[in-house]
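J.: The primary structure of each chain is shown beneath.
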Amino acid sequence: MKNSRALSLHVPEPRTRPGDAPDFSGVDVSRPGAVPRPDIATDPREIRDLAYGLIRVLDDHGEAVGPWDPRLDADVLLAGLKAMMLTRAYDDRMYRAQRQGKTSFFMKSRGEEAVAVAQAMALDRDDMCFPTYRQQGLLIARGYPLIQMMNQVYSNERDPMKGRQLPSMYSSRETGFFSISGNLGTQFSQAVGWAMASAYKGDTRIASGWIGDGATAEADFHHALTFASVYRAPVILNIVNNQWAISSFQGLAGGEATTFAARAIGYGLPALRVDGNDFLAVHAATAWAAERARANLGATVIELFTYRAESHSTSDDPSRYRPADEAERWPLGDPVARLAQHLTVLGCWSQERQAAQQKALDDLVRAAQREAEAVPALGSKSSSRVTDMFDDVYAETPWHLRQQARELEG
Amino acid sequence: MKNSRALSLHVPEPRTRPGDAPDFSGVDVSRPGAVPRPDIATDPREIRDLAYGLIRVLDDHGEAVGPWDPRLDADVLLAGLKAMMLTRAYDDRMYRAQRQGKTSFFMKSRGEEAVAVAQAMALDRDDMCFPTYRQQGLLIARGYPLIQMMNQVYSNERDPMKGRQLPSMYSSRETGFFSISGNLGTQFSQAVGWAMASAYKGDTRIASGWIGDGATAEADFHHALTFASVYRAPVILNIVNNQWAISSFQGLAGGEATTFAARAIGYGLPALRVDGNDFLAVHAATAWAAERARANLGATVIELFTYRAESHSTSDDPSRYRPADEAERWPLGDPVARLAQHLTVLGCWSQERQAAQQKALDDLVRAAQREAEAVPALGSKSSSRVTDMFDDVYAETPWHLRQQARELEG
Amino acid sequence: MASMTMIQALNSAMDVMLGLDPDVLIFGEDVGYFGGVFRVTDGLQKKHGLTRCFDTPIGEAGIVGVAIGMGAYGLRPIVEIQFADYIYPAYDQLVSEAARLRFRSAGDFTAPITVRTPYGGGIFGGQTHSQSPEALFTHVAGLTTVVPSTPYDAKGLLISAVESNDPIIFLEPKRIYNGPFDGHHDRPVTPWSRHPASEVPEGYYTVPLGKAAVVRAGEAATILVYGAMVHVALAAVEDSGIDAEVIDLRTLVPVDIEAITASVKKTGRCVIVHEATRTSGFGAELSALVQEHCFYHLEAPIERVAGWDTPYPHAFEWDYFPGPARVAAALRRVTEG
Amino acid sequence: MASMTMIQALNSAMDVMLGLDPDVLIFGEDVGYFGGVFRVTDGLQKKHGLTRCFDTPIGEAGIVGVAIGMGAYGLRPIVEIQFADYIYPAYDQLVSEAARLRFRSAGDFTAPITVRTPYGGGIFGGQTHSQSPEALFTHVAGLTTVVPSTPYDAKGLLISAVESNDPIIFLEPKRIYNGPFDGHHDRPVTPWSRHPASEVPEGYYTVPLGKAAVVRAGEAATILVYGAMVHVALAAVEDSGIDAEVIDLRTLVPVDIEAITASVKKTGRCVIVHEATRTSGFGAELSALVQEHCFYHLEAPIERVAGWDTPYPHAFEWDYFPGPARVAAALRRVTEG
Ligand SMILES: Cc1ncc(C[n+]2csc(CCOP(=O)(O)OP(=O)(O)O)c2C)c(N)n1
Ligand SMILES: Cc1ncc(C[n+]2csc(CCOP(=O)(O)OP(=O)(O)O)c2C)c(N)n1
Ligand SMILES: [Mg+2]
Ligand SMILES: [Mg+2]
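Chains as they are written, first to last, in this note's numbering: chain A, 11 to 420; chain B, 11 to 420; chain C, 528 to 864; chain D, 528 to 864.
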């Protein structure tokens, strides 16, 4: 009986490496409009198939098709386009500032702007977001001042985080944007806790958490889904599958075997799998999940299928591990271009307006940058605020920290 | 648009509590023989339904029916019955020893004997087991000496664990039984690591891990499934769903929303859901998974649907949190009685043989107990081996431990 | 006033806080209907309702992560980790998140959570039901670590912990849940009812965090101690006849440096006692602090009496446990030195 | 012999061990094709094959759990945790499993695994890329904690770690990966090639675990130090002109008590330096040990120079980092005292 064939260890590898031509033949680009839109009250058991489809609304011609078309007003779409373009302009500028040695670090979100912006717009302004480091678009869509973001990135004397955090690790309670951690995954179960608290208090606000494809392998992902399922927490659990985790392709997080959306099935949660570069699809899926949460029907998992179009961070060089032109060849296109195309089809947009808006936003960003750079940086010799470092470790600074502050002051 | 209905927090509760009549109407007892048996090479995507069925072979009359009938020889069945009965006799005796104040702690496996015994018999003798504390049947089925188990339980001078572990935390490399931890879940990813090592070396041995329904909520469960999926590790990942985790019913681990077997789906792993009180079904499912692993097709998750018929441990009193007579009313019966009935139907068994075997096994256990009790207990004043405590902390005992040993000796 | 065991006092603290503050809630493994494996939350679900005190999945990191999210919302969750030995899965959430949230967000978000957990040995629990991991928390800036030694302190400190705006690690010495065990394991245990600190007000009161208590005044030496070992230290003083001052630290970080230095400067001799393994235990910090603050007053080397640097062995419980004989011997050494 | 940076020396150690022992394999986040975010495993997959050095899912507890299972099988896995700041999710597997497996199974199973991780600050990494968590491991019986300070030691110690039959926490001071940074952040950094200990044999050799090195002999005081801070201590000695003996501990547990006591008994004065937060840092243990072993030789209070008890702040990196000025000041205090 015993089969004595020698076993062997499988180690996943991406289809292509630097020097190869990009190969996206494994990416299932299903027809826009093909996925049905169930009622929010549908039993999750009836809609497991959604974890394997791909909700798409915008077709190749820029038309919105199918049951997931959120039928948004043009001004909403225009606001979305603007927020995405502003996010991109901001990212570009801050990236360049790092390259110029003005800051120590930065992380862009190019290619993923629809995720943050469309989701912010589909949520209520007072719903609470627990982002990773690649959803700066949430802040921008919610109107958080650019200058505040830059003050943080520059660790300057007006940095709301008092120079304590790595650039791009924002926090704004007022904007419903939870403090970014730096530790992957930890915010996911916290989002569930916040949502449980809201339910406990009979509040109407819901929570939304984000996690990367790579970070789904962390424990907190499992805890978030478990607790969300058990207590039917009013939370949206977003998996941003941008294909990469630094140098590791999504197959190393389990993406060879199935979709990330499918994880939801094992917890009895409904899953939506969405074209993350399709503003309308992202908005619609988020609105569905939000409505479901608000109706006390519990959590939804959304996989946002997208592509990390640039380096992981300023410390990274993707040309070492993937074909250089993968980004342009991403079969689901660019979220900004696709929404602009749709608006053009609707007759509300043009190349001229695009160019004018681009310029206006660039100017806005540049003006904010000038303002931020005029503020002295913390940690420079002249900076008087060095003992700020001892504040906020505790609500009241205990004796040993006071002693250390005195020691530092000399 | 905003739905301002107040949210509320759902906290799962079992159907019944002490004083109520047991209610198993939620338990889906499907028809024996109804679940199809796919080829081991079937793509996991094709057989997701198996996560929601219940593989059963023995029917109410003790007949083996359907495609999962493993068609075992009668002597295999007789050996299985004997090992299950011995496990039960051993458990009963050690439980009583604790009640008599002879040991500090014990954990029984009553009702779950088929899990360990049938699985041990479906595996090869040199496959490696990573058990929880409720699979003592693995040791017994593999012929590990009862007296050694008791020496461990009594922490006596022949205890192979040198008195270091709580009673019932066995370890036997020679028997392919990994050291039991006490920390829930940790062994699950270790089983995957062992299996990966076996594959890495081109070995033919596979690994098998066990975890409780409650402990599936731990991080290591998620890590085990992730790594097993990514590297196609030759491992069987068993979830023993005995309905309870101390006082918490399985709904608190996610069992209200779906089956535990369904967890596998999210990782692209095949899942089998099995009547854990049906020796033949457990054997057949385990053999299927083992064959699949040996064929280099990777990991299988098995949910063993059973019932913890007694207290969690000697420290527990289940009458405080569940109806007293739940165990007898468990709709899937008792594993020992069901296999005995089957053997009787086959004409190889009788009440007389049952009674005679019971007595023989009780005598065996009692003799071993006498032997174990004759060995002096460690930690008693007379025990000379107190500085054993400083051994095995490191491969070579460093200066500070040698110093502490001297200090202890005075 | 009523005579309470430590379990009853802790239960009463939570009962009071559930009554006073609708933002207080309790959760953890088996704490709901069942009332906890040590029965510390007994009756609270029944009295205050299902959502005020409930059971959780067995995922310590999930429990703490969820509590942090609730804290960020504005609640004051009290969570139970069933045994301190099982707190490690939650270590990342405690260290990377709870401890640093206020700092990293410059006060924008906070985690006012209380993490209760039974700890310490002496119950034949073996290596996974006996550990004393306090030093793993005292090293972490942002955490406050509290250990009560009596029912009165347990209730007052727990209420302070719940009211604190910082995350608190609240370690409950389970060996003294039901009585002030003094380490003489061969003698009958006295119940709490015979101890004056079992007189506990039924309503609200607090014992301040960060303040030690001089539980016995003395001149010959100072014993720095906390939790169950306070009673062991007192027994050692009695057994040895050495007139030592016994300081119950109660809060480990921030530690009450004034109480420590006042006593050591007076006695010139110091013994530090804890049950945790010795190397890099909290005793090391205490020793370092004492020699830094009192160097010129010290007349003998500071002694540490601690658990051996091994996992807690099941059978050799009493050879491992740093009982009164070892403490008394150390007292003799420091006073003879 | 070749001149190597610490990165190259570590890479060479793994290359040698992959070549010598088929049971050695490497895995971790981004360590395979890419060669690690600090490039320490660069080229190893290409040279030794896909299954000898490969990428993992981002689950530190999974990485360590899997390594323990492999260790139980008989392999000697080397795993990389991308930053020490991300080791906490694996803390339970390290503390409850790796550290105790030999003990709890009485030697039946062991976990001969090496956990490499870049640690320490000085790279403007903020609170999640700068931590020094060594004390969280030195408190855990069963773990051996190693910190190299030069390329030569890094390679020799890493080979010893891989060959050890115990689990090793191997902390790599990332600030000195490319050069012996001495804390003078305003001066140009010297490359390793100008340092004698960058001369590294290309083949197999070991540096023993548990043995310190006297990196500078001196009479006026003893500095106990390890990792990147060794170079800071040397700079402080130079800056202050005080003839201190500098002892590079190399292994923290088991610590080389003989080297420590021999030196402190000679000098009578001791400064302990580390970058980790001060309270309950490993310096506390060193301070306690020194006063226990050398009390009657001490002529001044032992000084600890350490990171402040705050999370590592991004902007105030150099106000946080315990640089040569602070070490020199402590040296002055102990020698004047
Ligand atoms: C606990 C933890 N482990 C490792 C890291 C290092 N790290 C930072 S980002 C990253 C990749 C994350 O990939 P993914 O989750 O897919 O998010 P993405 O960067 O693609 O948005 C890694 C490994 C970390 N920050 N935290
Ligand atoms: C990490 C950890 N958390 C908590 C515990 C305490 N504990 C021991 S057994 C148990 C219940 C486990 O239930 P389950 O996994 O269903 O296994 P069963 O006892 O039913 O076999 C709990 C909570 C533990 N041992 N380890
Ligand atoms: Mg990604
Ligand atoms: Mg169970």
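Careful: at least some of the hints might be erroneous.
Unchecked claim - Within a straight-line C-alpha distance of at most 30 Å, the following computed DSSO-like cross-link-like pairs (lysine-lysine) qualify: (1) K369(A) <-> K92(A); (2) K211(A) <-> K574(C); (3) K792(C) <-> K738(C); (4) K112(B) <-> K92(B); (5) K369(B) <-> K112(B); (6) K211(A) <-> K369(A); (7) K793(D) <-> K738(D); (8) K792(D) <-> K738(D); (9) K211(A) <-> K573(C); (10) K92(A) <-> K112(A); (11) K92(B) <-> K369(B); (12) K738(C) <-> K793(C); (13) K738(D) <-> K793(C); (14) K792(D) <-> K792(C); (15) K738(D) <-> K211(B); (16) K573(D) <-> K211(B); (17) K792(C) <-> K573(D).
Unchecked claim - Here are the computed distance ranges between Cβ atoms for each label pair: (18) P46(B) <-> R81(A): 40 to 48 Å; (19) L577(D) <-> Q368(B): 49 to 57 Å; (20) G36(A) <-> V75(B): 36 to 44 Å; (21) D548(C) <-> Q368(B): 56 to 64 Å; (22) A51(B) <-> L577(D): 20 to 28 Å; (23) G768(D) <-> E819(C): 21 to 29 Å; (24) K573(C) <-> Q368(B): 38 to 46 Å; (25) L577(D) <-> R183(B): 27 to 35 Å; (26) A51(B) <-> G36(A): 20 to 28 Å; (27) Q110(B) <-> G212(A): 35 to 43 Å; (28) G601(D) <-> G36(A): 34 to 42 Å; (29) P77(B) <-> G212(A): 49 to 57 Å; (30) L577(D) <-> I157(A): 47 to 55 Å.
Everything labelled a hint here was simulated from the structure, so no lab data went into it.
We put the beta carbon where it would ideally sit given N, CA and C, even for glycine.
J.: Determine for every hint whether it applies to the structure shown.
T.: Here is how each hint holds up against the structure:
Restraint check for K369(A) and K92(A): the C-alpha separation of about 12 Å stays at or below 30 Å, so the hint holds. Taking the CA atoms of K211(A) and K574(C), the gap is near 18 Å; set against the 30 Å cutoff, the hint holds. The suggested pairing of K792(C) with K738(C) holds, with an alpha-carbon distance near 18 Å, which does not exceed 30 Å. For the proposed pair K112(B) and K92(B), the alpha carbon gap of about 27 Å is at most 30 Å, so the pair holds.
Distance restraint check for K369(B) and K112(B): the Cα-Cα separation of roughly 23 Å lies within the 30 Å cut-off, and the hinted pair is therefore satisfied. With a C-alpha separation of about 46 Å, the suggested pair K211(A) and K369(A) falls outside the 30 Å cut-off, and the hint is violated. Taken as a hint, the K793(D) and K738(D) pair is honoured in the structure, with Cα atoms around 19 Å apart against an allowance of 30 Å. Our distance criterion of 30 Å between C-alpha atoms is met by K792(D) and K738(D), whose separation comes to about 18 Å.
For the proposed pair K211(A) and K573(C), the alpha carbon gap of about 19 Å is at most 30 Å, so the pair holds. The straight-line distance between the Cα atoms of K92(A) and K112(A) is roughly 27 Å, inside the 30 Å bound, and the hint therefore holds. With a CA separation close to 12 Å, the supplied pair K92(B) and K369(B) stays within the 30 Å bound. As the CA atoms of K738(C) and K793(C) are separated by approximately 19 Å, the hinted pair is consistent with the 30 Å bound.
For the hint linking K738(D) to K793(C), the alpha-carbon distance of about 39 Å lies beyond 30 Å, and the restraint is violated. Distance check on the hinted pair: K792(D) and K792(C) sit about 25 Å apart at the alpha-carbon level, within 30 Å; holds. Our distance criterion of 30 Å between C-alpha atoms is broken by K738(D) and K211(B), whose separation comes to about 35 Å. Note on K573(D) and K211(B): the hinted pairing holds, with a Cα-Cα distance of about 19 Å set against a maximum of 30 Å.
A C-alpha spacing of about 64 Å is found between K792(C) and K573(D), which places the hinted pair above 30 Å, so the restraint is violated. As the Cβ distance of P46(B) to R81(A) is approximately 44 Å, the hint placing it in 40 to 48 Å holds. The supplied range of 49 to 57 Å is met by L577(D) and Q368(B), whose beta-carbon atoms lie about 55 Å from each other. As the Cβ distance of G36(A) to V75(B) is approximately 42 Å, the hint placing it in 36 to 44 Å holds.
Distance hint for D548(C) and Q368(B): a CB-CB separation of about 58 Å, consistent with the stated range 56 to 64 Å. Restraint check, A51(B) to L577(D): a C-beta distance of roughly 24 Å satisfies the suggested window 20 to 28 Å. Between G768(D) and E819(C) the CB atoms are about 25 Å apart, so this pair conforms to the stated range of 21 to 29 Å. For the pair K573(C) and Q368(B), the supplied restraint of 38 to 46 Å holds, since their beta-carbon distance comes to about 43 Å.
A C-beta distance of roughly 30 Å is found between L577(D) and R183(B), which places it inside the suggested range of 27 to 35 Å. The hint said 20 to 28 Å for the Cβ distance between A51(B) and G36(A), and at roughly 21 Å that hint holds. The hint said 35 to 43 Å for the Cβ distance between Q110(B) and G212(A), and at roughly 53 Å that hint is violated. Between G601(D) and G36(A) the CB atoms are about 37 Å apart, so this pair conforms to the stated range of 34 to 42 Å.
A hinted range of 49 to 57 Å holds for the C-beta pair P77(B) and G212(A), which are about 52 Å apart. The given range of 47 to 55 Å is respected by L577(D) and I157(A), whose C-beta atoms sit roughly 49 Å from each other.
Hints 6, 13, 15, 17, 27 from the list above are not met by this structure, while the remaining hints are.
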